[in-house]
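Q: Chains as they are written, first to last, in the numbering used here: chain A, 416 to 528; chain B, 227 to 406.
If you are wondering where the hints come from, they were derived from the structure by calculation, not from laboratory data.
Careful: at least some of the hints might be erroneous.
Lysine-lysine pairs mimicking BS3-like chemistry, simulated, CA-CA at most 25 Å apart [what the hints assert, rightly or not]:
{"id": "1", "chain 1": "B", "residue 1": "270", "chain 2": "A", "residue 2": "513"}
{"id": "2", "chain 1": "A", "residue 1": "490", "chain 2": "A", "residue 2": "513"}
{"id": "3", "chain 1": "B", "residue 1": "303", "chain 2": "B", "residue 2": "270"}
{"id": "4", "chain 1": "A", "residue 1": "490", "chain 2": "B", "residue 2": "312"}
{"id": "5", "chain 1": "B", "residue 1": "308", "chain 2": "A", "residue 2": "490"}
{"id": "6", "chain 1": "A", "residue 1": "490", "chain 2": "B", "residue 2": "303"}
{"id": "7", "chain 1": "A", "residue 1": "513", "chain 2": "B", "residue 2": "312"}
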Amino acid sequence: MSKKVPSVRARRRSASQEPCIFAYLPRVLRQLRGTRTGAEVARGSGLAQAHLYQLEDRPVRYYPTGRSRPARPGKLPSLGTLDALLRYYGVSLCQLNKLLLEAEEASRGDLEG
Amino acid sequence: MRPCSAEELDDTQELNDPLWRRDHRQDAGDNSEEPSSDIRPGLKNLGPALLVLRGMLQLSAGEAARRSGVGKSQLSKYETGKELPKLPSLQRVVEIYGLDLAGFFALVRVLDRISAKRSALLPSLELEVLGQFTTPAEEQALSELTAAVVRFFHAKFEARVQAALESSTRKARERRGADE
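From just these sequences and the hints, can you work out the full model?
A: If you want it as structure tokens, here you go:
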């Protein structure tokens with residue numbers, strides 16, 4: 416009896432449910448931007464400012480008027496966009512894995528703390 | 227979190243290159259008159275790197291596609307450089323070759339340097355790339371893999387040069403024979 420191989424679609428579905436290391440990428444991008452403005456980074460890296468903001472995590476913000484803006488998770492950039500941004504920040508793609516692992520550890524520490 | 231310095235990364239020096247900036251703006255869609263290239267300068271060797279890794283493991287395209295859960299034609303597009311993979315897809319493909327993304331991009335950089343210099347890989351360059359990995363076991367594994375990739379790449383390149391030389395000599399001989 417041969418073992419049944421799951422279909423490509425089933426494998427894709429299961430892969431999309433796996434915890435992905437890139438879940439921490441928006442947070443890493445925000446950390447890399449630091450105190451620089453979005454306009455400055457967008458101009459330097461050649462991205463549109465609105466696009467850059469979409470890629471970063473946005474925390475919830477409360478205004479003094481009582482209005483609040485909800486938190487929004489960042490989108491996953493394409494490889495070309497990511498390359499352009501990391502070039503601007505002076506970080507190589509090789510080092511990204513390390514940064515992502517650091518962000519993962521930091522978020523785990525926040526949850527435990 | 228430590229961003230690397232400009233000396234550590236040759237790639238970042240391209241930012242000062244006006245030609246790269248122009249290409250970069252075109253890629254970002256600022257200039258709609260000229261067709262833009264999808265492949266950025268630092269990712270030119272991503273496809274060949276995938277191809278080389280698959281060749282080293284002697285996997286067929288279908289088998290690699292089946293294991294990674296990516297379509298066969300899509301994998302072919304990634305390997306030929308027609309399309310850049312999305313990050314999760316790239317991770318899935320690279321995982322079946324036994325690498326993580328950091329290791330894979332280190333290999334892409336090695337291939338970048340080989341194709342840029344067209345010479346043997348300098349030991350210092352190799353060490354610089356490998357210096358970003360912390361554990362000795364990782365360094366050892368990646369060092370062996372890098373050496374294997376470089377040998378494979380050189381063999382392919384030399385075979386192609388040899389074939390081109392042979393064909394040009396044959397043509398020259400035929401031309402000489404026709405003249406006589």
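Q: List, from low to high, the hint numbers that the structure doesn't satisfy.
A: none
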